[in-house]
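Sequence order for the protein chains is A and B. Each step along the first sequence adds one to the number in UniProt numbering, with nothing skipped, and position 74 is 74. Each step along the second sequence adds one to the number in UniProt numbering, with nothing skipped, and position 26 is 26.
Watch out, some of these pointers could steer you wrong.
Stated by the list, open to error - In silico EDC-like cross-links for lysine to aspartate or glutamate, where the CA-CA straight-line distance does not exceed 16 Å:
#	chain 1	residue 1	chain 2	residue 2
1	A	Lys26	A	Glu84
2	A	Lys198	A	Asp141
3	B	Lys263	B	Asp242
4	A	Lys312	A	Glu9
5	B	Lys359	A	Asp283
6	A	Lys53	A	Glu85
7	A	Lys53	A	Glu126
8	A	Lys329	B	Glu266
9	B	Lys359	A	Asp260
10	A	Lys312	B	Asp4
11	A	Lys312	B	Asp7
12	A	Lys115	A	Glu126
13	B	Lys359	B	Glu346
14	A	Lys53	A	Glu21
15	B	Lys263	A	Asp377
16	B	Lys359	A	Glu218
17	B	Lys107	B	Glu172
18	B	Lys113	B	Glu31
19	A	Lys400	A	Asp183
20	A	Lys314	B	Asp7
21	B	Lys263	A	Glu378
22	B	Lys263	A	Glu394
23	B	Lys107	B	Glu59
24	A	Lys48	A	Glu127
25	A	Lys198	A	Asp172
26	B	Lys263	A	Glu386
27	B	Lys263	B	Glu313
28	A	Lys240	A	Asp283
29	A	Lys48	A	Asp172
30	A	Lys314	B	Asp4
31	B	Lys359	A	Asp282
32	A	Lys115	A	Glu9
33	A	Lys240	A	Asp141
34	A	Lys329	A	Glu378
35	A	Lys26	A	Asp40
36	A	Lys198	A	Asp183
37	A	Lys198	A	Glu127
38	A	Lys43	A	Glu32
Hints listed in this document are in silico derivations from the structure and should not be mistaken for laboratory results.
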Amino acid sequence: MDFRDTPEEAAFRAEVRAWLEANGQKRTRPDEVFGEGLDDAAKLAAAKAWQAKKAAAGYAAITWPKAAGGRGGTAMQQVIYQQEEAAYLVPGMIFEVSIGMGLPTVMTWAAPELKARFLRPGLAGEEIWCQLFSEPGAGSDTGGVRTRAVRDGDDWIINGQKVWTSGAHFCDYGILLTRSDWDKPKQEGLTMFIVDMKAPGVEVRPIHQMSGDAEFNEVFFTDVRIPDSYRLGPECGGWKVMLSTLMQERLSVGGNLPTDLHAHLVALAQQCAWDERPAIEDDRVRARIADAYLQQKGVELVIARGLTAISKGKAPGPEMAITKLIAAKAMQDIAAFAIELAGPEGLLGFEALGGDWRYMQRLWLGAPGARIAGGTDEILKNVIAERVLGLPGEIRSDRKVPFRDLESA
Amino acid sequence: MNFDFSDDQRLLQDAVRTMLAETSTSQAVREVLEGRASHAEAVWHNLIEMGAAATAIPEQYGGAGLGYLALCLVAEEAGRHLAAVPLASSFYLAAEAIQRAGSEAQKQHWLPKIASGEVVATAALGSRERYRPAAPLAFDGQTLTGTSPALVDGGIAGLAVLRIGDDLVLVELSGTGVSRNPLPSLDPTRPLAELRFDRTPAERLAGANGAAVASRVLDGAAVLLAFEQVGGATCILEATRDYSLERKAFGRQIGSFQAMKHKMAEIYTAIELARVHAYYGAWALSSDAPELPRAAAAARVAATRAYTVAAEEGIELHGGIGFTWEMDCHLHYRRARHLGQIIGSEHAWRARLADELIKEAA
Ligand SMILES: Cc1cc2nc3c(=O)[nH]c(=O)nc-3n(C[C@H](O)[C@H](O)[C@H](O)COP(=O)(O)OP(=O)(O)OC[C@H]3O[C@@H](n4cnc5c(N)ncnc54)[C@H](O)[C@@H]3O)c2cc1C
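Next comes chain A alone, as it looks inside the complex (with noise of 0.2 Å):
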């Protein structure tokens, strides 16, 4: 058991800081963001560029392989590059499901002609991807999807709703989950295509988030043509497509949580009173900040077991399953805490408050979202449940039947 860089590794991390020193941007406050005060173009301007000189620079995509536009690299040496990066100012989200989800599903799946087409510009920032599988009747449920796919000539009709895409409203391609066969069962029936955001009959209208942004959106398609070339995978093999885009999240190793969350409840105990004492004196408080701790560091610990398996070239054990559980709800408790320790003035918005308190009200107002992204609390239980502890699927009613007849049901 060793947690010190191997020569190797100190190396690569000696590498990584003298170039972000070079070419980024530090935080100058722990809960400062990327982009503040810029309008929304200029902020994506600005994020694309950051990804064109992270791209040229070989870290855009540090463990693919070479011939796909990566470092063929290791997987440490993708989380060292993390851990460097994480204090500067730098887009995270904008990217996440392009190089997360996207562009590895294209790598899996397209042909030659079509990863030569999108997979350097994709990595390089000139196009962003989005992830168009959820609908208003499909989201736990995913296999439930309803938009139609219907082969004409060369190319798929498609008409349907998608909902929820996250950055559908900057994104240029979308991987698209749709129904190409209503006689099979729901699962069996389904068909993946990369679709052109910017197609004639796609329109997207941003949906208003309760943390007051619009960052995810209802996607229309109104007799969208895709070309068959742009099909991942084979006719009503959509499923498995699906499956692997998310088995790629999850050896991206996923479910981070910010590693500073104790440092901040313990900054802001400090300022507050409880009964004219300052906060961090009182026994309850100190309680929770270990609670905290044991949380946040236990997340990144579990990531450090994941990581330990992937570089000796096994795959992450099941454990990795609990991080995203953890860490979402654990960010929802955290937060909600921080903001309790100011009593009746803690209802302040940060604004009023002071900035100290705008990273802990910004995390409290965007944890029930995490905790619904990428699968439920509950779904995430069933899927520990299931495939770790080995117990029962779900009693279904829905399985050997033609989702037509489902439909009508």
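Let chain A serve as the given structure and place chain B with the ligand on it in line with the hints.
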């Protein structure tokens, strides 16, 4: 970075697991539970013979010299198999105190005897919580007079390390003026006894350094006990899962009810969280890292939580059968309580964790 145990360490773990599966049976544990034995003798004999108990004692003092990581995995198996043996008292506590604070002569004399099992040792290194007024216990530099706190394995120990104020005192229990008073224990598989001394010859272990040594030894014990807790919690979760696949109600396996599935998923999550904190503690202990106090406290709190919830819910998810003497569920319920309090409760350790975090943030 490498956050895992080595293949050699895993081999030792496998060997210990195989041995314990054969010897630390429910029946063997119940011999102690029901008072027919003071400890599981065959299990103890084998752990000593394999060199598994004395893995962390250096070779020059009769141990295997394999270090703490190996001992952590032995502890995990001991916990999993509910081993009713003086492993913690002899090896995590007493031997550690002697190793860290003893003079060369004390180490030469006692460590080989502990390593070979010739002497069972126990220790009371102080705790933050108390109910009964502390019985007076006085050390005059040469002799000990008074009553010890309740000691695990006090009934069979031949040697004790006792913290008296800032002193750590070593006392041989075959000496003059020693009497033993066995006490009822909530986990009878880990028996307790109080020792009474009347001008019993004793010697100092570590002068003015006693409190610091005690604290360091308790940190190490917290990590090792966390492995026992993780092992025990995993065992009862697996037993609960297996039972839920056999038992039927309302025409289904009870393990197919989502309330059951989700509860088991939550227990699993608590155990995995405890496991990684225990691993981190193992790293800190084996590399003598400055993070040890924080890592040990985190391991202790997380592992105490995990075993407590696994043992409590383990009975609940079994239903009525889980509440019977014959099922092993209550052995875990009792052991979880024992391990969770024997070196101070979860709450005391959570407070210690907070102290460390706030100190670091300053
Ligand atoms: C911030 C955010 C970003 C998102 N981004 C994207 C995106 O980019 N692309 C995309 O395709 N989707 C995206 N989603 C959608 C997300 O994947 C779904 O919201 C999620 O899978 C839940 O589906 P649902 O909203 O239909 O809820 P439902 O599935 O209707 O769930 C409602 C409730 O029922 C529970 N439930 C459902 N099934 C079960 C079951 N079997 N057992 C127990 N409980 C159950 C759920 O846990 C939940 O509590 C995003 C969501 C959020 C919040």
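Right, here's what the structure says about each hint:
1. A/Lys26 to A/Glu84: Holds: A/Lys26 and A/Glu84 sit about 11 Å apart, inside 16 Å.
2. A/Lys198 to A/Asp141: violated, 28 Å
3. B/Lys263 to B/Asp242: holds, 14 Å
4. A/Lys312 to A/Glu9: holds, 15 Å
5. B/Lys359 to A/Asp283: Given that 16 Å is the threshold and the Cα spacing comes to 15 Å, the pair holds.
6. A/Lys53 to A/Glu85: Holds: A/Lys53 and A/Glu85 sit about 14 Å apart, inside 16 Å.
7. A/Lys53 to A/Glu126: holds, 11 Å
8. A/Lys329 to B/Glu266: With a Cα-Cα distance of about 13 Å, the restraint between A/Lys329 and B/Glu266 holds, given a limit of 16 Å.
9. B/Lys359 to A/Asp260: holds, 15 Å
10. A/Lys312 to B/Asp4: With a Cα-Cα distance of about 11 Å, the restraint between A/Lys312 and B/Asp4 holds, given a limit of 16 Å.
11. A/Lys312 to B/Asp7: holds, 12 Å
12. A/Lys115 to A/Glu126: Cα-Cα ~15 Å, so holds.
13. B/Lys359 to B/Glu346: Roughly 20 Å between the alpha carbons, so the hint for B/Lys359 and B/Glu346 is violated.
14. A/Lys53 to A/Glu21: With Cα atoms ~13 Å apart, A/Lys53 and A/Glu21 stay inside 16 Å; holds.
15. B/Lys263 to A/Asp377: Roughly 12 Å between the alpha carbons, so the hint for B/Lys263 and A/Asp377 holds.
16. B/Lys359 to A/Glu218: Roughly 49 Å between the alpha carbons, so the hint for B/Lys359 and A/Glu218 is violated.
17. B/Lys107 to B/Glu172: holds, 14 Å
18. B/Lys113 to B/Glu31: violated, 26 Å
19. A/Lys400 to A/Asp183: holds, 11 Å
20. A/Lys314 to B/Asp7: holds, 14 Å
21. B/Lys263 to A/Glu378: holds, 11 Å
22. B/Lys263 to A/Glu394: holds, 15 Å
23. B/Lys107 to B/Glu59: holds, 12 Å
24. A/Lys48 to A/Glu127: Between A/Lys48 and A/Glu127 the Cα gap is close to 9 Å, so the pair holds against 16 Å.
25. A/Lys198 to A/Asp172: Roughly 7 Å between the alpha carbons, so the hint for A/Lys198 and A/Asp172 holds.
26. B/Lys263 to A/Glu386: holds, 12 Å
27. B/Lys263 to B/Glu313: Distance of about 8 Å is within 16 Å: holds.
28. A/Lys240 to A/Asp283: violated, 51 Å
29. A/Lys48 to A/Asp172: Measuring from Cα to Cα gives roughly 13 Å; hence the hint holds.
30. A/Lys314 to B/Asp4: holds, 13 Å
31. B/Lys359 to A/Asp282: holds, 15 Å
32. A/Lys115 to A/Glu9: violated, 30 Å
33. A/Lys240 to A/Asp141: Given that 16 Å is the threshold and the Cα spacing comes to 15 Å, the pair holds.
34. A/Lys329 to A/Glu378: Holds, at roughly 12 Å.
35. A/Lys26 to A/Asp40: Since the Cα atoms of A/Lys26 and A/Asp40 sit roughly 21 Å apart, the hinted pair is violated (cutoff 16 Å).
36. A/Lys198 to A/Asp183: violated, 31 Å
37. A/Lys198 to A/Glu127: Holds: A/Lys198 and A/Glu127 sit about 12 Å apart, inside 16 Å.
38. A/Lys43 to A/Glu32: Holds. A/Lys43 to A/Glu32 sits at ~14 Å (cutoff 16 Å).
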